[in-house]
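Heads up: the protein sequence lines correspond to chains A and B, in order. In this note's numbering, each number is its position in the first sequence, counted from 1, plus 6. In this note's numbering, each number is its position in the second sequence, counted from 1, plus 2.
If you are wondering where the hints come from, they were derived from the structure by calculation, not from laboratory data. Idealized CB from N, CA, C, for every residue including glycine. There's no promise every hint is true.
[Said to hold, decoys possible] List of simulated lysine-lysine pairs, DSBU-like, C-alpha gap at most 30 Å:
1. 14/A to 142/B
2. 45/A to 372/A
3. 10/A to 168/B
4. 45/A to 168/B
[Stated by the list, open to error] So the derived list for chain A, only partly shown, Cβ under 8 Å to chain B, looks like this:
5. 48
6. 53
7. 69
[To be verified] Output of the computed footprint for chain A on chain B, the stretches with three or more beta carbons under 8 Å from beta carbons of chain A:
8. 33-46
9. 60-67
10. 150-163
11. 181-191
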Amino acid sequence: MFSKHVTKDLSAYCQGELTSEESRQVAEHLISCTKCREKFEEIKLGIKLAEQLPQLSAPSDLWQQLRPLLENQQDVRPQTATRTKSFVTSWQTQFATIATIVLVITSLGILWRYRSRPASVPQGSWEVARVDGTPKIGATGISNKGNLAVGQWLETDANSRAQIAVESIGQVEIDPNTRVRLLQTQPTEHRLELAHGKMSARIWAPPRLFFVDTPSAVAADLGCAYTLEVDDAGASLLRVTAGWVALELKDRESMVPAGAACQTRRGIGPGTPYFEDASENFRQSLAKIDFDQNMPATRRATLDALIAESRKRDTLTLWHLLARVEGNDRVRVYEAIAGFVPPPEGVSREGVMQLDQQMLQLWRDKLEPSWSDRTAVSKAMAEAFWRLRTGSEER
Amino acid sequence: MEQAAAMTQQIIDGRVIVACQQGDSEAFRLLFEAYKDKVFSIAVYSFGGDRSVADDVTQQIFLKLFTAIRKFRGEAEFTTWLYRMVVNACLDERRRRRRFLPWGETMPSKIGEKKPQEKQYARLEIAEAVRVAISELKPKFRLPILLKYVEGMSYEEIANVMGCAKGTVASRLNRGHSELARRLAHLRGEVS
Chain A
7 MFSKHVTKDL
17 SAYCQGELTS
27 EESRQVAEHL
37 ISCTKCREKF
47 EEIKLGIKLA
57 EQLPQLSAPS
67 DLWQQLRPLL
77 ENQQDVRPQT
87 ATRTKSFVTS
97 WQTQFATIAT
107 IVLVITSLGI
117 LWRYRSRPAS
127 VPQGSWEVAR
137 VDGTPKIGAT
147 GISNKGNLAV
157 GQWLETDANS
167 RAQIAVESIG
177 QVEIDPNTRV
187 RLLQTQPTEH
197 RLELAHGKMS
207 ARIWAPPRLF
217 FVDTPSAVAA
227 DLGCAYTLEV
237 DDAGASLLRV
247 TAGWVALELK
257 DRESMVPAGA
267 ACQTRRGIGP
277 GTPYFEDASE
287 NFRQSLAKID
297 FDQNMPATRR
307 ATLDALIAES
317 RKRDTLTLWH
327 LLARVEGNDR
337 VRVYEAIAGF
347 VPPPEGVSRE
357 GVMQLDQQML
367 QLWRDKLEPS
377 WSDRTAVSKA
387 MAEAFWRLRT
397 GSEER
Chain B
3 MEQAAAMTQQ
13 IIDGRVIVAC
23 QQGDSEAFRL
33 LFEAYKDKVF
43 SIAVYSFGGD
53 RSVADDVTQQ
63 IFLKLFTAIR
73 KFRGEAEFTT
83 WLYRMVVNAC
93 LDERRRRRRF
103 LPWGETMPSK
113 IGEKKPQEKQ
123 YARLEIAEAV
133 RVAISELKPK
143 FRLPILLKYV
153 EGMSYEEIAN
163 VMGCAKGTVA
173 SRLNRGHSEL
183 ARRLAHLRGE
193 VS
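Could you build all of it, start to finish, from the sequences and the hints given here?
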């Protein structure tokens, strides 16, 4: 289903200038429109850049320069007041004036900081609710509820669990033996760090508003639900239960849809995504290809084993592998995908061998229906979440 | 934000503006202290980072304000009224100065001339790059960005200052954000 593009509304959307109904329409459109999502990323970058703009200080002698000019002007200006003061009358007046100036400037400074803060961000912190045991924010245990401020760690022991409300965009469940830190919360970006342990996130915001940093990759939410585990070695496992999540590290990116998982390793980054119902042999072969760098001699046999175990929906893995293998290996992966879903018009074997991004994207668009019905699922989830949200607001 | 704005307005309206209208120079000093940095910031960004021009323009604005404040009747918010004056003064001065520049020549950018020691720090370099990029935007895209990010105004407040529709402000900010992102795409990793 097509709907009107929302590119012209994206700044207003990011900055909370739309009505809730307009925001809902933009969010829904973003979930299903690649073009508008690209523009959304551009606008978010523009906003982040503009936020770096500092307020400058006027020269300290500006008043000294201005005062004689004002005095001249005052001489010719008709006085409406019965009591016109000179600039300096007595030391008491000077003292009172300075004190007033300090008070006003301090007040304005505080007000200015408050005024600059978007209304949707409550003092840069998230509400944390205890679920079991005594989770800690910093060194302080939470008896019922607490606030996690930017820079603070939330930690659970073997007997405790917690739930975080991520502004108005979602919830994060923190399992036992987990350590997370709030890195940033702004209208254009919310970011957690998962040092170790396990968390489950349910996010109903537009794509790329919620991020989780791990020691070996960054998880970027594309909506809607997933779990993420990090072990003591910094390796992580992402399992997506609804929508899509991207795992990223530098130039390496894995797009993980519902029903799929992806592992990461410190120093390597995200591996290749795979459906969790793939065969054991398939998954073991993939793990060797992704992370066992000491087996170049058996790499070909491992890739053959993986291809032999592939099903149509495993083209998710094969499509990602195209950019991660070289030479004859890439040819074999190409042929394996083409055996399930031939490349569409405009996609050539030579182009894919050279990793032409446009061709890879075109082929991916054709493959995606076999991975999941992305639009229908995401849209249905989004609508459900929006209804939930609207309902909770009405209550 | 609206609450804070209202409180600011209350301080300025109730305690200062009436006194300013009656010629109270001490009250005018308070007004000056409250707004000088914001007015100066807009002037600096409007004139390619040229602080001496911004200094002159800021003085002109406060001189004009000293007389014109008697005409303020409270039909609009004081800040709206003030920033309308600031925006118009910057546009007028820019037009005036452009007459003396050859065709095609833009306002000189002096931001890049000084190499302060702090430039070693990435954050300052980013801020400087953003300042330069914003200074190079067309006024109709630059001014809404300055009012948004220097003054912290809402779209509606910006629309009131600029005398245009809220939708126009949204459209111009959208274009301004896009331009910034395109010009400074290489900084994506630095601010993400």
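Now the hints, each set against the structure:
A distance of roughly 16 Å separates the Cα atoms of residue 14/A and residue 142/B; the hinted pair therefore holds under the 30 Å criterion. Taken as a hint, the residue 45/A and residue 372/A pair is honoured in the structure, with Cα atoms around 23 Å apart against an allowance of 30 Å. Simply put, residue 10/A and residue 168/B have alpha-carbon atoms about 20 Å apart, close enough for the 30 Å limit, and the pair holds. Simply put, residue 45/A and residue 168/B have alpha-carbon atoms about 21 Å apart, close enough for the 30 Å limit, and the pair holds.
Of the supplied interface hints, the one on residue 48/A holds, with its beta-carbon coming within about 4 Å of a beta-carbon of chain B, less than 8 Å. Because the smallest distance between the Cβ of residue 53/A and any Cβ of chain B comes to about 6 Å, under 8 Å, the interface hint for this residue holds. The closest approach between the C-beta of residue 69/A and any C-beta of chain B is roughly 6 Å, which is under the 8 Å cut-off, so the hint is satisfied. Under a criterion of three residues with beta carbons nearer than 8 Å to beta carbons of chain A, the stated coverage of the segment 33-46 of chain B is upheld, 10 such residues being counted.
Proximity of the segment 60-67 of chain B to chain A, defined as three or more residues with a beta carbon under 8 Å from a beta carbon of that chain, is established by the 4 residues found. Requiring three or more residues with a Cβ within less than 8 Å of a Cβ of chain A, the coverage given for the segment 150-163 of chain B holds, as 6 such residues are present. With a cut-off of 8 Å between beta carbons, the segment 181-191 of chain B has 8 residues touching chain A; three or more are needed, and the interface restraint holds.
Taken one by one, the earlier hints all hold for this structure without exception.
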